[in-house]
Amino acid sequence: MGILSKKILRYIGRNFGQFLAASAVVMGGIIVYIAMSSSYYSLSNSMDTFYRDNNFADYYFQVVKAPQSVVKQIEQQPGVKRVTGRVQRDLSIIKENSERATARVVGYNLPMDNELNRLALEKGRYFAENQNAGDVEAMVDVKYLAANQLDWGDQVAAVADGKEVFFTVVGSAMSPEFIYAMKDSADMLPDATKFGIFMMENGQAQQILNMPGHFNQVL
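Whatever position you read off the sequence shown (first residue = 1), add 25 for this note's numbering.
Do not rely on the hints blindly, as some may be mistaken.
[Claimed, not checked] What follows is a set of in silico ranges between Cβ atoms, one per label pair, in the way DEER data are often shown:
1) D138 with D186: 42 to 48 Å
2) A182 with Q113: 18 to 24 Å
3) T74 with A47: 37 to 43 Å
4) K120 with K90: 27 to 33 Å
Hint data in this document are derived by calculation from the structure and do not stem from the laboratory.
Note that the structure is a prediction, hence the values are computed from the model and not measured.
Where is the CB? At the ideal position from N, CA and C, for every residue including glycine.
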């Protein structure tokens, strides 16, 4: 053993408590680093899987009103893989007990296989692509369905552009963008009795919101 090694051992022996404390700090730092790195990679992989499985959109743009033809123009831009133009608007729900509630109407294009933010059917069925005039089928989010004790075939009345419209509940679904459904940032916690997501065929949503052939949201 060399002289330097002996000096180091004697120094450690004289300051053994400090040496243990320093070693514990270093070991703690290494453990925290490994734990945080593992958590980061796990979350990153989960996020990538979630985006891929649900065809989750990377960007959202809100517009006042734009023709459907603009979607093709956006798709032709470099780096753009897929674009969806849809309508989305909050409507007031008419309840018998005069309580206030809001329905966030979101239009979806069919077939659902290649749709961005693809819906996951929980119960019931998807809304039909070709519906009769005045017959508006809607899927609602699971929590709103349970909180308001709705069932298939029930109708929900809402006000759109000053007119009363009726949505027929045909199923419940989960949307990847509305996992934690809140009306706006002013709400502290979600309240499924007063706010729900109503998912319907995009063409029907356009007619209800008086926006035929147009959209107000780009994904």
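Results for each hint:
no. : hint                       : in the structure
1   : D138 with D186: 42 to 48 Å : violated, 32 Å
2   : A182 with Q113: 18 to 24 Å : holds, 20 Å
3   : T74 with A47: 37 to 43 Å   : holds, 41 Å
4   : K120 with K90: 27 to 33 Å  : holds, 30 Å
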